[in-house]
Amino acid sequence: MNSALKVLQDRGFIKDCTDFDGLSDLMDNEKVTFYVGVDPTGPSLHIGHIVPFFAMHHLQKEGHKPIALVGGGTGLIGDPSGKTEMRKILSVEQIQSNAEAIKKQLGKIVDFSDSPAPGCGKAKMLNNADWLVDLNYIQFLRDIGRYFSVNRMLTFEGTKQRLERGLSFIEFNYQLLQSYDFYMLNKNEGCRMQMGGADQWGNIVAGIDLINRMDGPQCYGLTFNLIMRSDGKKMGKSEKGAVFLSPELYSPYDFYQYWRNVNDADVVKFMKIFTFMSLEEIAEYEDPARNINEAKERLAFEQTRIIHGEEEAEKARDAAKHLFQAGAPASKEGIPSAEIPSADIDAGIGVLTLFTRSGLCASNGDARRLVTQGGAEVNGKRIEDPKAVIGRDDLDSDGELLLKAGKKRYMRVVVK
RNA sequence: GGAGAGGUUCCCGAGCGGUCAAAGGGGGCAGACUGUAAAUCUGUUGGCUUAGCCUUCGAAGGUCCGAAUCCUUCUCUCUCCA
1 MNSALKVLQD RGFIKDCTDF DGLSDLMDNE KVTFYVGVDP TGPSLHIGHI
51 VPFFAMHHLQ KEGHKPIALV GGGTGLIGDP SGKTEMRKIL SVEQIQSNAE
101 AIKKQLGKIV DFSDSPAPGC GKAKMLNNAD WLVDLNYIQF LRDIGRYFSV
151 NRMLTFEGTK QRLERGLSFI EFNYQLLQSY DFYMLNKNEG CRMQMGGADQ
201 WGNIVAGIDL INRMDGPQCY GLTFNLIMRS DGKKMGKSEK GAVFLSPELY
251 SPYDFYQYWR NVNDADVVKF MKIFTFMSLE EIAEYEDPAR NINEAKERLA
301 FEQTRIIHGE EEAEKARDAA KHLFQAGAPA SKEGIPSAEI PSADIDAGIG
351 VLTLFTRSGL CASNGDARRL VTQGGAEVNG KRIEDPKAVI GRDDLDSDGE
401 LLLKAGKKRY MRVVVK
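Following the numbering used here, the numbering of the first sequence begins with 1 at its first residue and continues without gaps.
By construction, these hints were calculated from the structure, which means they are not laboratory data.
Note that CB positions come from ideal geometry on N, CA and C, so glycine has one too.
Each hint should be verified, as a subset may be incorrect.
[Said to hold, decoys possible] Here are the computed lysine-lysine pairs in the PhoX-like style, where the Cα-Cα straight-line distance is at most 25 Å:
1. K61 / K124
2. K103 / K122
3. K15 / K272
4. K122 / K108
5. K31 / K108
6. K104 / K61
7. K103 / K187
8. K122 / K104
9. K272 / K103
10. K381 / K6
11. K61 / K272
12. K408 / K381
13. K408 / K387
14. K332 / K416
15. K104 / K124
16. K103 / K61
17. K407 / K332
18. K124 / K108
19. K61 / K6
20. K387 / K416
21. K321 / K408
22. K31 / K15
23. K122 / K31
24. K269 / K15
25. K104 / K6
26. K332 / K321
27. K269 / K61
28. K187 / K122
29. K15 / K61
30. K108 / K61
[Said to hold, decoys possible] Simulated restraints on C-beta separations:
31. D21 / G145: 29 to 37 Å
32. E284 / R146: 55 to 63 Å
33. K6 / E294: 23 to 31 Å
Model the full structure from these sequences, guided by the hints.
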């Protein structure tokens with residue numbers, strides 16, 4: 001098997017390929033241009049989105065040429081694959097700004113610079129709005145639509161499920177547009193391979209068929225396993241909602257914590273997929289004698305470093321050590337913080353208000369429950385009276401408060 | 001276009017005109033146990049100035065001392081027929 005392909009195989013990415021041998025031969029003979037698409041449906045990617053881009057990273061290192069396709073055009077429609085509900089329709093401006101944000105985030109995983117490291121393939125980022133938005137409907141039907149069989153589309157598993165719940169016509173067209181993307185990328189960029197999540201299989205195959213019918217070269221499709229956590233939940237969802245890459249939506253500290261708290265059984269699997277660590281190095285962590293918590297720390301650090309940078313990763317790691325390991329050096333910088341006006345502290349502030357305002361609790365009722373159930377701490381002291389008042393005397397030596405809700409949620413309160 | 005079914009709290013889902021802030025489950029949160037894991041057990045789960053008050057059962061009106069429950073109109077979804 002081709003060496004680049006083998007890397008993906010060994011790291012546990014690959015679910016299926018339209019033609020393993022054909023693709024492997026092609027990759028042996030030339031540096032292949034390939035693409036992965038994302039729809040800019042939100043202001044930030046979350047970790048469920050990024051698996052194919054890690055795969056892209058590995059192929060780029062082997063010299064193949066990645067194209068990240070931002071779906072500025074398809075995003076206007078919404079992909080029904082794997083969804084049980086219809087997507088909300090987003091405004092054009094919204095899609096634009098989302099697309100910009102996503103471009104920046106992808107740059108952390110794949111090198112889109114003009115001069116990538118020696119041996120690495122040059123990567124491009126394109127937006128399908130460039131060719132989709134101005135499509136002429138009649139022309140499109142004549143040229144592209146004629147090659148699609150509705151009968152066949154109806155047999156796809158994803159479509160079947162949606163038929164039971166309702167599928168609007170525009171969504172039904174998604175497959176044609178995605179196929180057209182592949183066709184255009186093939187024609188304009190010489191793209192020969194498309195990768196994506198397992199839910200993209202139908203769309204990818206349809207694109208390959210289209211290219212064949214339009215007399216293009218043989219193209220290939222590669223899909224990745226849907227990464228599940230060992231508890232059966234989908235990756236990327238946490239109690240705080242989706243684990244976003246954007247620091248505004250999900251602080252680097254919380255991001256680090258998400259990885260720090262993965263199940264034992266997932267650690268090695270995630271290292272292979274979500275970090276750039278070498279397989280030899282990862283293998284060391286598979287040793288059952290090795291402390292599992294060390295492995296989790298490493299996973300969390302590596303992943304945080306890729307997404308948020310070395311400095312943030314260190315801050316998050318040190319803050320976590322400070323909070324969870326007795327005797328660790330004080331390092332509060334990475335702990336999420338909130339501010340409180342100094343006048344409020346002088347006047348004394350109720351614990352409930354304090355916890356609610358810091359963002360640790362959703363409402364006073366929530367805070368009351370927390371306190372009553374013994375889960376609230378201020379500077380290491382458990383507060384059991386919901387009527388307790390925190391004043392200037394309660395500040396620590398730095399003039400700050402450290403709130404703790406439950407076992408793991410911390411907030412640093414700075415008096416301003 | 002016609003006929004029928006239905007929209008209940010984060011989700012699924014129960015709900016005789018008063019005893020409904022609304023059963024049950026899931027999820028979440030907290031406590032215990034632990035390793036910042038999993039599993040398990042217990043408690044909790046609309047808001048507030050919390051023995052009380054306020055706002056929720058698709059939307060707006062109406063009947064009634066009293067409505068998630070009855071009536072009218074509107075709206076959305078689903079199923080069947082055309």
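Check your understanding: Can the restraint linking K103 and K61 be considered satisfied, given a maximum Cα separation of 25 Å?
Key -> holds (19 Å)
Check your understanding: Holds or violated: are the alpha carbons of K381 and K6 at most 25 Å from each other?
Key -> Answer violated: K381 to K6 is near 54 Å, above 25 Å.
Review point. Is the Cα-Cα distance between K321 and K408 25 Å or less?
Key: Given that 25 Å is the threshold and the Cα spacing comes to 12 Å, the pair holds.
Practice item. Quickly compare the C-alpha distance for K61 and K272 to 25 Å and report which way the hint goes. Key: Answer holds: K61 to K272 is near 16 Å, not above 25 Å.
Practice item. Take the C-alpha atoms of K407 and K332, compute the straight-line distance between them, and say whether it is at most 25 Å. Key: This hinted pair holds, its Cα atoms lying about 17 Å apart.
Exercise for review: With a cut-off of 25 Å on the C-alpha distance, tell me whether K104 and K6 pass.
Suggested key: violated (29 Å)
Point to revise | 25 Å limit on alpha-carbon distance, applied to hinted pair K269 and K61 | key: At roughly 21 Å apart (the allowed maximum being 25 Å), K61 and K269 satisfy the hint.
**Study point:** Hinted pair K15 and K272, Cα distance within 25 Å
**Key:** Given pair K15, K272 holds - Cα atoms ~15 Å apart, limit 25 Å.
Review point. Is it true that the CA of K31 sits at most 25 Å from the CA of K108?
Key: Answer holds: K31 to K108 is near 22 Å, not above 25 Å.
**Study point:** K104 paired with K124 [C-alpha distance capped at 25 Å]
**Key:** Between K104 and K124 the Cα gap is close to 13 Å, so the pair holds against 25 Å.
Exercise for review: Below or equal to 25 Å on CA atoms is what counts here, so check K332 against K416.
Suggested key: At roughly 17 Å apart (the allowed maximum being 25 Å), K416 and K332 satisfy the hint.
Check your understanding: Given a hinted range of 55 to 63 Å, is it respected by the beta-carbon distance of E284 and R146?
Key -> At 56 Å between Cβs, range holds.
The structure fails to meet hints 10, 25 from the earlier list, while all remaining hints are met.
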